[in-house]
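Visitor: Below are the chains, spelled out letter by letter.
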Amino acid sequence: MSAKAATAQPDIIRPYGDTTGDGMVQMSFTLPIPHDKRAEGAALQLAAKMGLEPALLVHAKAMGPDFTFFVVYGSVHHLVDLRQVEVVEREFPLLSPKEVNSAIKSRLRRKLVVVGACIGTDAHTVGIDAILNIKGFAGEKGLEYYREIKVVNLGAQVLVPELVARARAEKADAVMVSQVVTQKDAHIHNTTTMSAAFREAYPAGKVPLLVVGGPRFEEGSAQRLGVDRIFGRGTTPGEVASYLVHALATPKEVHP
Amino acid sequence: MKPVLDLDTSVVRKARALARKAGQPVVRLATSHTTVSVERATLRLAGLAGADHERVPWVNHLVDQVRDQVGLEHGVTTPVFDALRRGEAEDLLTLAQKASSGSVSFRLPEGREGTRAQAVARREVARGIRTIDRQRAARERLIKRHGDPRQRPWIYLIVATGDIYEDIPQAQAAAREGADVIAVIRSTGQSLLDYVPEGATREGYAGTYATQENFRLMRAALDETSKELGRYIRLTNYASGLCMPEIATLAGLERLDMMLNDSMYGILFRDINPIRTFVDQRFSRQIHARAGIIINTGEDNYLTTADAVEAAHTVTVSQLLNEYFAKEAGLEDWQLGLGHAFEINPDLPDSFRMELAHALLARQLFPDAPLKWMPPTKHMTGDVFRGYLLDGFFNLVGAMTGQGILLVGMMTEAVVTPFLSDRDLALQNVRYVMNAAGGLTEDFHPPRDGFIQTRARQVLSEAVDLLDAIVHDSDAEGDPPLLAAIADGTFGLMKRPPGAGKGLDGVVRRAPGYDNPATTLLETGETK
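Residue numbers (the working numbering), protein chains in the order written: chain W, 6 to 261; chain F, 87 to 614.
Chain W extracted, bound-state conformation (with noise of 0.2 Å):
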């Protein structure tokens, strides 16, 4: 943003339609009748409901006989206050992979090497798989495509000992867990166990990244269970990708 739009910029403000503080915006949506008089009268209700007064319904269509689909224009009395809103960082910058390549040829000037598995008697490899192979989640390739990248993949219930002695063998940077199933606790119980043998099995500060994923940790539940970071529901492999960027090829101190 340029200095001068930063100081010219008021903290109430309204959308932007074709004049300043016109408030004008467009919505579609969908009721589920079908379309007639009344279709359209609730579709005017609802737009008012929602802050839009005068409401312009521009389009309605059946679709279906039980559907009816609406655009609306209307000028929203709402104000946006400027100064209420509330920015959640996430602690690392979100990198395509390109820059996530670029960034650990520069600064690691080798592969970075990941070491995947689900362990203890936890059989569903989604979440690894959708981290690691190059299928990937969400309309994001898995770690495998990125070539700077070094995937082993060791699949479903890998012991803790197997695991350990792997990454040891491929001189892993990180270590990636995924536990699905949580019947007793066995997430916990498996991601303790599994950092307390990391931390056995490698001189202190040598251990590798670890890093867990599954639908049921808690957040922020990271150093309790001895790893370095966990990851929820929903996690796609970029955010994956970009946090080890942030942990493994970001210089320590950065000088402005």
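Since the hints were derived computationally from the structure, they do not count as laboratory data. Virtual Cβ for every residue (Gly too), placed ideally from N, Cα, C.
Here are the simulated lysine-lysine pairs, DSSO-like style, with alpha carbons at most 27 Å apart:
(1) W:155 with F:464
(2) F:464 with W:103
(3) W:103 with W:155
(4) F:581 with W:103
(5) F:464 with W:116
Here are some chain F residues pointing at chain W (derived, C-beta under 8 Å):
(6) 259
(7) 278
(8) 355
(9) 356
(10) 391
(11) 463
(12) 505
(13) 507
(14) 510
(15) 580
(16) 588
For chain W, the structure is supplied; the task is to place chain F on it using the hints.
Guide: Chain F in isolation, oriented as in the chain W frame:
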């Protein structure tokens, strides 16, 4: 559609010859091995269905038991039907139940005993094959009665709620809105399950489990809708992953009409063992051939994982390999829904012209195949307005190049699972383009040596070069060149050696005297 590209026919012949050369050793490999899933599929044809209280299918129990006791290298059916002849149980189901508790001892019968067991096995498996034959005849009858879609391409829509009972009304609504083909996406991770779940399922993640009962329920519902609409609505599912042969078999038994079935997708994108994949794939394609099912191949995946311009020729290579493997397994041209996709970065100059060139190349290389044209996904950003335009251009390429099956693109791709309105808008988009420009196939002749012709020739020549590199590939173990090529990362960035990957432990080399009545009946076309 008349050929509009001046392709050098000798180059086309060379490309096919190379694909054959790359494929043949892999077919030899496939015919000298079996897998747990091929054996389970054979038992399913013999009528074994259902699962225990932990939902482990009986076919899994029986195959595991036989494998533990006498191995699978002679095929599962000989020891199984021998045990039935010896009176170990009165029927297959009871035998599987007894075997699962370890109270059946299997043996490999020899001489006359062996011949008799094999004759019974053949008689029982033939029942399943005849069910598939009957289902094929039923489909042909229903198509005659209700009719095919009036237009080409057929309009292909996806439903995926995770709950079969939600899927059904959605699928029926989609058909009423104009869909000709309904695909039920599978639950994430099903491809890596080494068993087929049982029964009607209501819980899936980003899709619905492929089960025999789900297949049956959906087909029955779409039969009703076909009657209502006067148009036969086709049903699609996925014969891929570790249970490819079994799912193909269930599809044949329950009259599914199309199946996603790619020759290398599982290897490259799911890290399934290459040998497992090729063995399973051949069996599943033989079933599809018999069942009159149209396969859909997955070339779109090459374009979403690599740059769609640079990797355009990998699509052609994969199509040629898929064609070779499909025909070898008995599929006919009309059953080859070879895939390709509209995935070029729209910010590139001439991106639309390149899309046209690539689509025409596929059209002309496979003139009698119902090509499957896949919509943009990679460059759908969340800007739904731009996405809608992009889908319009995708539809236009489909209309101008005579594609066979058009997967309808959603403007909310990569945003949300499509709203009801998204699907309606998407279908309006398709209808507008088909209506306005469907006839363009008549007028559209890219000029000789113009941009489109030149680009198509370039892609074809790159494909020939890649095929040439594949057939000359090798590894230390002396594997077939195609396997060596898959192992060293020739396809994209994935290196998949034949001695690794999921499902490897389910691969068994056939012994002399291996018997599988299903394979015999599928290869000879016999019914008894």
